[in-house]
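Chemist: Sequence:
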Amino acid sequence: MALAIVAVALAAGFRSVAQSSESATALKGRTLALWVAQNRLAAAQLETPGPAIGERDGNETQAGALFAWHQAVTGTPNPAFRRVEITVADAGRPEYVLARLVGYVGRSAQ
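The sequence shown maps to residues 518 to 627 in our numbering.
Accuracy of the hints is not assured; some may be wrong.
What the hints assert, rightly or not - Have a look at the derived ranges for each label pair, beta carbon to beta carbon:
(1) Ser-540 - Pro-596: 17 to 27 Å
(2) Ala-569 - Arg-532: 45 to 55 Å
(3) Ala-519 - Lys-545: 37 to 47 Å
(4) Ala-528 - Val-619: 38 to 48 Å
(5) Ser-625 - Glu-539: 38 to 48 Å
(6) Asn-576 - Phe-598: 21 to 31 Å
(7) Ala-528 - Trp-552: 28 to 38 Å
(8) Leu-527 - Asp-574: 43 to 53 Å
(9) Pro-566 - Val-534: 47 to 57 Å
(10) Ala-519 - Gly-620: 53 to 63 Å
(11) Asp-574 - Ser-540: 22 to 32 Å
It should be emphasised that the hints constitute simulated quantities derived from the structure, not laboratory data. Being a predicted model, the structure only gives us computed values, none of them experimental. Every residue gets a Cβ at the ideal spot worked out from N, C-alpha and C, and that includes glycine.
Kindly generate the complete structure, drawing on both the sequences and the hints.
Modeler: The following block contains the structure:
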């Protein structure tokens with residue numbers, strides 16, 4: 518009887534450790550994807566006179582992992598600003614979005 522109790526306790530402990538490991542891996546992926554999105558937003562901010570309205574897709578490597586990003590730039594009621602929405606997914610599973618970032622970028626007068 519004691520052996521059965523120990524076996525159940527060990528199985529539960531191993532399951533807990535496995536779930537913790539999976540959670541840490543998922544958190545790492547989401548963090549790296551957010552960094553990719555932040556890099557894309559920073560690149561949009563550097564475009565002169567500002568990002569063009571439209572959509573773009575691309576891939577970026579962050580810490581050895583490949584991510585697919587999609588960037589949609591739209592106008593705003595104020596013509597001096599553009600809305601930039603960036604979604605990032607694992608390149609192997611582009612339908613599963615890991616990070617979404619929305620920012621507003623000013624246009625320089627030229």
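Chemist: Each hint: holds or not?
Modeler: Results for each hint:
no. : hint                          : in the structure
1   : Ser-540 - Pro-596: 17 to 27 Å : 44 Å, violated
2   : Ala-569 - Arg-532: 45 to 55 Å : 50 Å, holds
3   : Ala-519 - Lys-545: 37 to 47 Å : 39 Å, holds
4   : Ala-528 - Val-619: 38 to 48 Å : 44 Å, holds
5   : Ser-625 - Glu-539: 38 to 48 Å : 46 Å, holds
6   : Asn-576 - Phe-598: 21 to 31 Å : 28 Å, holds
7   : Ala-528 - Trp-552: 28 to 38 Å : 37 Å, holds
8   : Leu-527 - Asp-574: 43 to 53 Å : 47 Å, holds
9   : Pro-566 - Val-534: 47 to 57 Å : 53 Å, holds
10  : Ala-519 - Gly-620: 53 to 63 Å : 60 Å, holds
11  : Asp-574 - Ser-540: 22 to 32 Å : 29 Å, holds
Checked against the numbered hints above, the structure breaks only hint 1 and satisfies the rest.
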